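Protein chains in written order, with the working numbering: chain H, 1 to 416; chain B, 417 to 1417.
It is worth saying that the hints were derived from the structure and are not from the lab. Bear in mind the structure is a predicted one, so any value in this text is a computation, not a measurement. Heads up, the beta-carbon is just placed ideally off N, CA and C, and yes, glycines get one too. It cannot be assumed that every hint is accurate.
Unchecked claim - Below, a sample of chain H positions facing chain B; criterion: calculated Cβ distance under 10 Å:
hint: 1; residue: 22
hint: 2; residue: 104
hint: 3; residue: 143
hint: 4; residue: 167
hint: 5; residue: 192
hint: 6; residue: 216
hint: 7; residue: 217
hint: 8; residue: 219
hint: 9; residue: 302
hint: 10; residue: 304
hint: 11; residue: 309
hint: 12; residue: 327
hint: 13; residue: 333
hint: 14; residue: 397
Unchecked claim - Keeping only pairs whose Cα atoms sit at most 30 Å apart, straight-line, the calculated DSSO-like set for lysine-lysine is:
hint: 15; chain 1: B; residue 1: 1309; chain 2: H; residue 2: 268
hint: 16; chain 1: H; residue 1: 95; chain 2: B; residue 2: 801
hint: 17; chain 1: B; residue 1: 680; chain 2: H; residue 2: 268
hint: 18; chain 1: B; residue 1: 801; chain 2: H; residue 2: 53
hint: 19; chain 1: B; residue 1: 549; chain 2: H; residue 2: 2
hint: 20; chain 1: H; residue 1: 289; chain 2: B; residue 2: 802
hint: 21; chain 1: H; residue 1: 30; chain 2: H; residue 2: 65
hint: 22; chain 1: B; residue 1: 491; chain 2: B; residue 2: 802
hint: 23; chain 1: H; residue 1: 268; chain 2: B; residue 2: 821
hint: 24; chain 1: H; residue 1: 289; chain 2: B; residue 2: 549
hint: 25; chain 1: H; residue 1: 268; chain 2: B; residue 2: 437
hint: 26; chain 1: B; residue 1: 432; chain 2: B; residue 2: 444
hint: 27; chain 1: H; residue 1: 289; chain 2: B; residue 2: 491
hint: 28; chain 1: H; residue 1: 154; chain 2: H; residue 2: 3
hint: 29; chain 1: H; residue 1: 98; chain 2: H; residue 2: 155
hint: 30; chain 1: B; residue 1: 432; chain 2: H; residue 2: 289
hint: 31; chain 1: H; residue 1: 155; chain 2: B; residue 2: 491
hint: 32; chain 1: H; residue 1: 53; chain 2: H; residue 2: 289
hint: 33; chain 1: B; residue 1: 850; chain 2: H; residue 2: 268
hint: 34; chain 1: B; residue 1: 491; chain 2: H; residue 2: 98
hint: 35; chain 1: B; residue 1: 1309; chain 2: H; residue 2: 289
hint: 36; chain 1: H; residue 1: 352; chain 2: B; residue 2: 1309
hint: 37; chain 1: B; residue 1: 806; chain 2: H; residue 2: 268
hint: 38; chain 1: B; residue 1: 850; chain 2: H; residue 2: 65
Here's the letter readout for the chains.
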Amino acid sequence: MKKYSAFGLLRNALSYNEKWPEAWRSPEPKRKYDVVIVGGGGHGLATAYYLAKEHGVQNIAVLEKGWIGGGNTGRNTTIVRSNYLWTEAALLYEKSLKLWEDLSQDLNYNVMFSQRGVYNLAHSLQDVRDIERRVSANRLNGIDAEFVAPEQLKKNIPGLRVTANSRYPVLGASLQRRGGVARHDAVAWGYARAADQRGVDIIQQCEVTGIRREGGKVIGVDTTRGAIAADKVGVVVAGHASVLADMAGIRLPIESHPLQAFVSEPLKPVLDTVVMSNGVHGYISQSDKGELVIGAGIDSYNGYGQRGSFHTIEHTMQAIIELFPAFSRVRMLRQWGGIVDTCPDACPIISKTPVSGLYFNCGWGTGGFKATPGSGWAFAHTIAEDRSHELNAAFDLQRFTSGALIDEHGAAGVAH
Amino acid sequence: MTSRRLESGGFVDRGKVFEFKFDGRTLKGFAGDTLASALLANDVAVVSRSFKYHRPRGIVSAGADEPNAIMQIGKDDATLPNLRATQTELYNNMVARSTKGWPSVNFDVSAINALFGRVFSAGFYYKTFMRPKRLWRCYERFIRSSAGWGSAPAGNDPDEYAHRNAHCDVLVVGAGPSGLAAAVAASRTGARVILVDEQNEFGGSLLSEDTTIDSVPAMQWLEKTVAELSNCETVQCLTRTTAFGYYDDNFVAAVERCADHLGKPPGQTVRERLWRICAREVVLAQGAFERPLAFCNNDRPGVMMASAVQTYVNRYAVLPGERAVLFTNNDSAYFAAVAFKKAGGLLAAIIDSRQSGAGVTAVTNAVDHGIPIMNGHLVTDVVGKKRVRKAQVAQWSGDTSQTIKNTVSIECDLLMMSGGWSPAVHLHSQAGGKNIWDETHHCFVPGETLQQNRSVGAGAGQWSLMECLQRGGDAGRTTAEACGFVVQAGQTYETPQDQENPIEPLWRVPASRSPDRCAKQFLDFQNDTSVADVRLAVREGYRSIEHVKRYTALGFGTDQGKLGNINGMGVLAEALEVPIAQVGTTTFRPAYTPVTFGAGAGEDIGEIYDPVRKTAMHEWHEMQGAPMEVVGQWLRPWYFPQYGEDIHAAVARECMAARNSLAIMDASTLGKIDVQGRDSVALLERIYTHDVGRMAVGRCAYGIMLGEDGLLMDDGVMARLGEQRFYLTTTTGGAAAVLTWLERWLQTEWPELDVHLTSTTDHWSTIAVVGPKSRELLQKVGCNVSLQRENFPFMTVKDAELGGFPVQLFRVSFSGELAFEVNIGSNYAMAMWELLIDAGQEFQITPYGTETLHVLRAEKGFVIVGQDTDGSVSPVDLKMNWLLSKNKDYLGKRSLQRADLVRTDRKQFVGFVPVDGKTVVAEGTQLVNDPLLPVPTPMCGHITSSYASACLGHPIALGLLQSGHARIGEQVVAAQSDGTYVDMQVVSPVFYDPKSERQNV
Ligand SMILES: Cc1cc2nc3c(=O)[nH]c(=O)nc-3n(C[C@H](O)[C@H](O)[C@H](O)COP(=O)(O)OP(=O)(O)OC[C@H]3O[C@@H](n4cnc5c(N)ncnc54)[C@H](O)[C@@H]3O)c2cc1C
């Protein structure tokens, strides 16, 4: 398999780009795999990659009902950060952030991870307390974090309205300089290519319709392309987790909601960081193409239709104009929605299940893109070793029985 | 500069000359022009540069599909980025700038990129810029610097936007012949019709075509029809209005542009109005987009859509070139060629890729006008960089895999192209409808619909004028009938009948070399996506249309693929060797054309972004100069500074007044819920943890409610006003959530309970009279009930008359002092407040705000839900076991038995004092046992509240600490966010009057 490099680009240009190899194969499914991963989003592909790379598992397939990255991976607003409040969550997201920092080189695929900083704004005294608390906790956990006062914010973020007389005045912000954004499609494709190079079969247009069990143990899956046997099955299907769990007779404490986002037309650079606000409910960054990438909270009803209501978009526009009045004259180019899997404590599940050999990774809700590498890494460990890594031990399904919830609603207040 | 304006014809007003600036040059146009037609009239060929290769680009289309003419219009704070010149109406003194090209569009240094065209192939950036890693920041800065088209304004928007809700029976989108016919037919039944069209006038294609309806010129029919619609009371006609989004439940969002075309200074009228339309039935008549042809260098200025040329000639009286060549694979473009010729242009040749050429009507027409036709020929390439000079023409056998050897040049400065038509299925698709491939016309047409909508006209693949009118009329009648209106027999129309030959698809034009090696054949002009890019994507395994789109940026431009997507799909189908129907379309998403954030936001921005809730005493507080704290939607006085006091001095003074004499607070923002109904006790028993039923009438109780997880949700005082009547208070921020919570259980789980919940938060104002002198004050203003302890003990409520006003009087205390809360109808609250303030002068009555409220309660160790708790705190953690009834079940009770909740090392609520006796630590600060442990340093809790206490003479803090209840007397370290450490002594959270004697006096 050829490595991507600047030199390779030149050489291929000379041969009219006719010699580029496939980024990944499209094999027919085999009859049996050691591990089947259900869901070809970033998390599923990363899981397969780390299973092969870190645990030497040979015979792996990723089954994707549509096209890889076509779920939330390809629909999200790509904010990456690790400044979560609770130690359990913070360390998992921080593991992820560390992997992000070397990901392009590791995968030999430029995922355009751009550490342009992430600000979380405070609009009330309670917001300020919460931010103090989070910043203080982050620092003790070795995660970069600082509190930025309003005067400094004005200088750092031109265009942000920091005036005392706004409806919800900005009273400060937390800043994680190592946070930022990445190119979502490249994450799916980069993991797919790297996993494929390690022998993983990536099978698209292959929907899992049943989970086969025998004596409390998983033995394979039924798919739209026939039955596939497997010793272990890892399910990572984001918004459809409950549907897959149902196939195995498991109930998950997950609610699926539409989450919407939109982009503006491409503009000359105006915003070189990521700004998020729980208080007025919106967040914004600018892509390398110049589009303002904007999102907000979930639509409050449950559903699987990947579309939300227009009033949510209206509210989000109001919020953005509250923060950046000058964007009032900018135009929305495109809006879309995805289905997110939310847990009662706004934290994920990376866990064994009552069915032996069956594992679930879900509940990332509105904020799992940032976790893609860490989630895959920890899930691969859980599947390969049949036990949680210490990083995801707290994210076991058990916690909903024991009550050991990790309440991250504060850190995950708006979708991101 | 030559003028390309025709002497006569068109719909421009030659009497009204507009001056405008384009890239600093002053040019002239007419009223009725678009910026594009005015530029063409002034013979401006290059209007932009492309995104990647910075190739010079000219105007290609005349509508929403324009990829190149993306302009910055207007100045300063009123500037508008990314407007399409083709849809921008000209006004006097317009200032327009091109958005790409440095130093200018005519000379762009970045055009050097074009030399590396093959290196910058699809997805090249995924394959490079990776090493050395530290340079990625520089690479990125370089990539970003070339981003975007126009620029966002820098200042506040001087304009206003409005929202309007509308309901109708039939919404018709598009006022071309089919839409007009539908609207007229529906309106004649009496149905309420809304007709919207994005252009400045109704007519659609009729404005560009030269034809007849019922044997009179189509323009006459148009005038008559529009007049009928405008005079009909049940019809709302909206021009300059784009339906951009089709959502669930037949909800269509449309934007009306009310002001831009007027060229007035901003801020005088509503700039845009968002229409939120609920329609029972929708007729979609949005027409179709003409497709370009993918030959080499098909992006050169002077290469235009044939229909656009026809529009510029007939509607705007502009001849976009002198000598034209038409390249087509279908009949429709012949009429454009004839229009060009009739207007005085030279038409060198019609190059028709079909072996058998066009049908009789088109051919006769062309021949009558002396236009040479070459069937079975192609334009393979054009010559000329900033303007087409020649077309390279070759004979062709019809085999796409062939390469073309011999070409001849035909001189021309305008190349008209037509690759057929694609119905605008956007709204139909947004509504959830499927699209099907029409094998005859080679285009996707609307299939099954999921909502109450139907498509007609060109937008449904109905191509002849007759069909458009007939089917439009049918749709108008059927939809009106579906809404229950009585329908008369349909009208028939008479139009000229054409004899056509079918289109033969040509997704990619063969060239002198293979499609991977020949000069660029563009599919998406704006993003520089070429045929070779799509083929490369397929080669690399990006096969799904969604992957191809994302890998090559096909369709990601501001035209959203309206122009080029279909050719891309054709090329993809060829590369995958599957029929195009199998490739499918990408998802059509709102907005159909881009929508201003301001329009989406409407009026609800700035001051009225969110409702501001003020108490009845708000103005009084403001007059005292109290700074406000934002608490949810409420504004609450934070503190009442005197004579230049800072917050610390003011709060210390306020606190001492409450402790020593008399203070008064506006507590009106407390959430209040009135509970009535036969089963009130039953409901509240299940919600609250204490024994509600045991409360005597007239008693108050402090109550808490838990989530199903056993964790604290909200708290407040409740009062039993009658056997089955209660008055609940909630936290200020939790009021809405608590009411929703109660209603949720009542409505979804226990509908059998007869309980009525009413929010009375705004109805009652609440005045807290606090301090040792509070009883005296109430007596002084005159109270008709005895306030003595024996008659009115702590935690009771009475109806009373105070100073002549009827009030509810509560003897409760959130400060630990003797205190009363006066509930009074909000209309009288201000009078009561002033009465109390006046009467209180002799006791130095002191108003206080939220900060003092917080300090007073912290001195007593009372929690504030949401500040001292965070959704992870159980009542046991707060030592509130005394509130947990053993006699009944309540929400969250079982969860309290869960393994994690019975742990003894949970974080528990305690008090702290700084060991140094003077540092007020920041609220939120984490606590550690040993700050010297390496990261991740284990944390054992955090500070939730922290104040200087005037009456205690030292700072105090509250917080949650692991095993805290057992650690009283120990020390922990507060690790502040600025990196400093403060030693803290763990103490009981009750700092003041631990036996609670003062409130009972
Ligand atoms: C609008 C929006 C904005 C967001 N913004 C951010 C953000 O800024 N930052 C952030 O960190 N997170 C964000 N998120 C969340 C983030 O996108 C997700 O948490 C994350 O991408 C989930 O990745 P995944 O790989 O688990 O899921 P997905 O990418 O959804 O992958 C799951 C895959 O499973 C497949 N699948 C489903 N059922 C089956 C089946 N039966 N058989 C086979 N395959 C199946 C699906 O087709 C899909 O491809 C956002 C989400 C949305 C919707």
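> Against the structure shown, which of the earlier numbered hints fail to hold, in ascending order?
Replying inline: 6, 7, 8, 9, 10, 14, 15, 16, 18, 23, 28, 30, 32, 33, 34, 35 and 37
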